[in-house]
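Got chain D sorted already, so can you dock chains Y, S, B, X and C onto it with the hints?
6 protein chains.
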Amino acid sequence: MAIMNNKAQDRLSFGSKALDEMIGGGLIRGTASLVSGAPGVGKTTLGLQFLIAGIKEDQPALLVSFEEFPASLIRDALQLGWDLKEMEREGLFKIIFTSPEVLLGSLKAQDSPLSETLYTLSPERMVIDSAAHFQRITNDPVELREIYNTLVNALKREGMTSLLLDEAVDVLALQQGRMASLPFLVDTVMLMRYVEIDSTMQRAIAVMKMRGSTHQKEIRRFQIQKGGLKIGDPFIGREGILSGTTHRIA
Amino acid sequence: MAIMNNKAQDRLSFGSKALDEMIGGGLIRGTASLVSGAPGVGKTTLGLQFLIAGIKEDQPALLVSFEEFPASLIRDALQLGWDLKEMEREGLFKIIFTSPEVLLGSLKAQDSPLSETLYTLSPERMVIDSAAHFQRITNDPVELREIYNTLVNALKREGMTSLLLDEAVDVLALQQGRMASLPFLVDTVMLMRYVEIDSTMQRAIAVMKMRGSTHQKEIRRFQIQKGGLKIGDPFIGREGILSGTTHRIA
Amino acid sequence: MAIMNNKAQDRLSFGSKALDEMIGGGLIRGTASLVSGAPGVGKTTLGLQFLIAGIKEDQPALLVSFEEFPASLIRDALQLGWDLKEMEREGLFKIIFTSPEVLLGSLKAQDSPLSETLYTLSPERMVIDSAAHFQRITNDPVELREIYNTLVNALKREGMTSLLLDEAVDVLALQQGRMASLPFLVDTVMLMRYVEIDSTMQRAIAVMKMRGSTHQKEIRRFQIQKGGLKIGDPFIGREGILSGTTHRIA
Amino acid sequence: MAIMNNKAQDRLSFGSKALDEMIGGGLIRGTASLVSGAPGVGKTTLGLQFLIAGIKEDQPALLVSFEEFPASLIRDALQLGWDLKEMEREGLFKIIFTSPEVLLGSLKAQDSPLSETLYTLSPERMVIDSAAHFQRITNDPVELREIYNTLVNALKREGMTSLLLDEAVDVLALQQGRMASLPFLVDTVMLMRYVEIDSTMQRAIAVMKMRGSTHQKEIRRFQIQKGGLKIGDPFIGREGILSGTTHRIA
Amino acid sequence: MAIMNNKAQDRLSFGSKALDEMIGGGLIRGTASLVSGAPGVGKTTLGLQFLIAGIKEDQPALLVSFEEFPASLIRDALQLGWDLKEMEREGLFKIIFTSPEVLLGSLKAQDSPLSETLYTLSPERMVIDSAAHFQRITNDPVELREIYNTLVNALKREGMTSLLLDEAVDVLALQQGRMASLPFLVDTVMLMRYVEIDSTMQRAIAVMKMRGSTHQKEIRRFQIQKGGLKIGDPFIGREGILSGTTHRIA
Amino acid sequence: MAIMNNKAQDRLSFGSKALDEMIGGGLIRGTASLVSGAPGVGKTTLGLQFLIAGIKEDQPALLVSFEEFPASLIRDALQLGWDLKEMEREGLFKIIFTSPEVLLGSLKAQDSPLSETLYTLSPERMVIDSAAHFQRITNDPVELREIYNTLVNALKREGMTSLLLDEAVDVLALQQGRMASLPFLVDTVMLMRYVEIDSTMQRAIAVMKMRGSTHQKEIRRFQIQKGGLKIGDPFIGREGILSGTTHRIA
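Protein chains in written order, with the working numbering: chain D, 10 to 259; chain Y, 10 to 259; chain S, 10 to 259; chain B, 10 to 259; chain X, 10 to 259; chain C, 10 to 259.
The shape of chain D in the complex, shown without the other chains (with noise of 0.2 Å):
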């Protein structure tokens, strides 16, 4: 596998100028990022930008998908002017459709069923679809989170540079259950929001956390296109928009 790259700082790109500058020039090599969002938002699409600008810099990036087959990613990301088959052929890009137990397992252990994949690939770059599967695997809130940490700690080991794509995880939120977990764990939190004004549906994005580095605060509008998001202003005269609650200012 990748051999992780400790000049620090070292900073893998999104492809966009815009993106980049959010997160204080691109992700940090080697840390693990959360993207949190609702249904169709565009959580998958950003995950595919990220690893198509690995690949065009000859960085191999890998999908995992728990839930979407390979075929509908495929003809969703033709959509978006990707082709992802040509970069399978290419060797420097690869689907899996797998569970969270087995990917576990594999990051564990060497001689398992995903191993050789890995081994072969060497992706320094990881997208995973979705973090929300392995509540499969556990009720509990806390085996729930010591799963994650397993998570993220092998992803990092291996000197991986992932994105955890998640359903919407209200960060902000004050504390209600127990033990608030992914948050927590990794590196980088990115939020994907619809947010309604003059009765439409827009998209907002943020970077609420970012270990080890400066980033962004604004709020900022974004759409998607041929080549993935494209982002635009903050939401002017705007309040609420993280917490659901957007409304216009008087």
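To be clear, the hints were calculated from the coordinates, so they are not data collected in a lab. Don't take every hint at face value.
[Claimed, not checked] Partial list, derived from the structure: chain C residues whose beta carbon lies under 7 Å from chain D:
1) P48
2) G49
3) Q88
4) D92
5) K94
6) M96
7) T129
8) S131
9) R145
10) T147
11) D149
Glycine included, each C-beta is placed from N, C-alpha and C at the ideal position.
Below, chains Y, S, B, X and C alone, put in the same frame as chain D:
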């Protein structure tokens, strides 16, 4: 059964220019869509409108009902100007009154009770009224997600373009329970909502998610009339429509 | 029992032009309607008004009470100008004081305790006060939905046009628990609400759902007086009436 | 015991013109009323005021306390200008300090511990402080509703006009749990509320439900002084008083 | 122990004219009061101020602590200008560090571990820090209410005037769980709240309930300084102070 | 270990004049403080800043981490201008990576695994990252409160001045569950919050509680930069900052 048409972006019309434009020209053939809304808001009407638009293009159409009797559906459809009995006679339409368990079994095995119906009709369009009834099978959200996954994959494997009607799911909400489910599994999510404005009960429709396609972002008024939904204007000067806390902008 | 009149759209009046207009000319014969409201808002009054309007057209009417004694209902009705005892003597009206279990049994079997009453009276209109009491039979929402389904189907099979009074259900809410129930099963949903305006407790009525018919969308004031509900104006300049967060538009 | 006076609409006064007018001239003889409010808002004061108004008209009055000692009630009443000890000596008033179980038993059987007291005093007016204590008997909401039903029916059978004091129940709320209970069973519901206005704690009273009678719709201020409640003006220019989110209209 | 002074309305001062005026001239001798507030808002300070005002009038005073060590209480009191050690030496003050179970036992039996202390000191004023710890004894709200009832009655039987400090209970809320408890059992309820105003954390105090006495209705600012609470003005131009949703009136 | 300095009000600086002023001149030696905040808001940075300010005054400092690896902490600290490795070499700093159970055991017994480390380093300042992990030991809130009590008392007994980092606890909320815990047990509570303003994510810090000392009441902006937190202005013209419903005053 119908062989899946692999031509990318083959679109199926609702027979309404405005509705089709909301979803980028029609539903993509072979995809599964969720229609979420409160009782009486017009989900079944939208479903029938979709099936009947298909029949007019000689596409066999199937309505699966778990609770409302066919006679009742036929009577209500007549009020909307649709003679379902006549369509059944012409062989392009069928209502099946069954249970979620039997439907699931038929989609899994070839020699199940519904298999012949499915084989004979070979439906290209299908409406399931409603997806909420699969909750009767299990209390476990993880098992329920797997059932929905099995259902959606079976529908796609058969090449059917399907609408899954469902009770009003809060797809915009931040994660509260474990493993929100259907909105993540389907390709398209359409929201139908009651909106209280000026002491009247109005109706709103919006497309929230559409895999592999662009779609309109507007939240639009609609009315139910002969022939189905009549799409109207966006709700200018209103906020909080989809979150249920609609109010006028000062 | 009354044979169902299959003439489409045969309407049953509330004996109030304004109320009938709200539901497109009256309740459709053979359908089941839900009336949802807080204690004291006027559900039983609306139910009696419906039955008495039928008696005036020689349609036998039945009131099933699970909790309030017939004597008490008779006394309260007298205040509204209705002499239920006299109507009972004339043979077109009957109050049955029974349990949900016995009612369900009678609707299923021919030789049950209530069968003779039902056979003799052959009611065309029926009010059940209240549907909430079926919750006494089971804690399981799935089983409860099946009980309600059985009830509604039995009432329709007998050709009766029925009002099911119920506690204040939040039919507009987004799905929270599992399998919301009655509002999906009935043909018509009428909401009765308290509204606090200018330091007074006012009352609102609205029709939310009506299968196979158009209906008025207005949320209207009403008062209770001799003869039943007096329908008034919509709540101009008010928002949030049905969600319980009524406030004046600035 | 007192034989129920069947003269329709025989009214029992609170000894306060304003209070009586709020409930259409007084409580209807033989009915049961719920008084709902937060601790300290004045429920017991209202109850005593009702009993004492009866004593002045030679109607025997009974106060049943489940928690507060008679000595304490007597001391507090003295502050309000009422000498309960003197009234007890005159034979028209009695405080019983007992448990919900014993009270229920006494209302069911003739030879129970309280029977002689009830027989000797033969109360026409009765206050139960508080109905919340019946929750000690069972955790099951269905069983609790039946207990309340038994209680209310026994009180009516004995011809007593009763006030059931209770903790602050949200009678306006949309159904959340299973089988809300007391507000449906009683004839009259009176709400007493704290209202925060201009950085002061004010008090509000309103009548929400009154079977077989008209009542005032206004939500009115009140103060507690010698002789009981002094009813004041409505809360002009305020909204949300009863829902607990009081705010000034802009 | 101190024999209860039966002179009606014998008042015990807080040593602060403003505070005493808020409660109609001081706490009524022999009553139990609840002081509810968030951590750090000043409940213990108010309790000490009450005890020390008594000591100055030669009334023995007892502080029962279930969690904070006497040494810590003594150190903090010194900052407020109170030398508790000196007061202990003078024999009019004592801190007992014990458990809820032991305290309850001592109030029930004569020969319990605390009996001698209670007998020797014969306290007229007592503060319990905090009542929340009785929740350690049971999970059952009905049993807890009985424990609180036993406690309050024992304190009154001994003639002590007591303050029960408690976590921030929402005494204004409408009933949600079963059997809210302490606020109903005590004679007086005082609320201490944090209020966020103009980006500062301010403090509010109000008296909500006071059996057998009038009290001020104002919600007032306070600050903590040497000698205890300094009562300030009401919050003019603010709403929602006690419900925690404070905002400025437009 | 360090012998507790009994000189009253001996203060420990954060190395930041503005921060120290917020807490009346620094944390009081020997006290325990809670730092509550969402993931990424800067709790660990504040903790490191506190430890490093001590090292500069030759006070040994200990960081206990339950989840984040020392290597990761060291790397992130470097970005903030702090060379933790160098400090470890100089013998005044140590990171212990352990479990809550082991830490608790070491604080209770003399011959536990951590005892030697604690004995050798004899830390005067200590940060626990994070207190939330003690929830792994038990589901019972009463037992958890006792564990926190044991922890806080042990830290104080050893004379250490400690910061307990914790997830975002709603210390201002009215009591909802049973026995809120840490905020009551510690001497000082500091809140760190995200605040959404003008479509940007800003950060707020406030001191809510400080036993035995005055403290600033302002809620202030802060930024994270080399050297730790840079304290800024209060949020003029904003309300609801700490309750999470921040909005601009009209």
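Quick rundown of the hints versus the structure:
no.: 1; hint: P48; result: 4 Å, holds
no.: 2; hint: G49; result: 2 Å, holds
no.: 3; hint: Q88; result: 5 Å, holds
no.: 4; hint: D92; result: 12 Å, violated
no.: 5; hint: K94; result: 13 Å, violated
no.: 6; hint: M96; result: 18 Å, violated
no.: 7; hint: T129; result: 29 Å, violated
no.: 8; hint: S131; result: 30 Å, violated
no.: 9; hint: R145; result: 5 Å, holds
no.: 10; hint: T147; result: 10 Å, violated
no.: 11; hint: D149; result: 12 Å, violated
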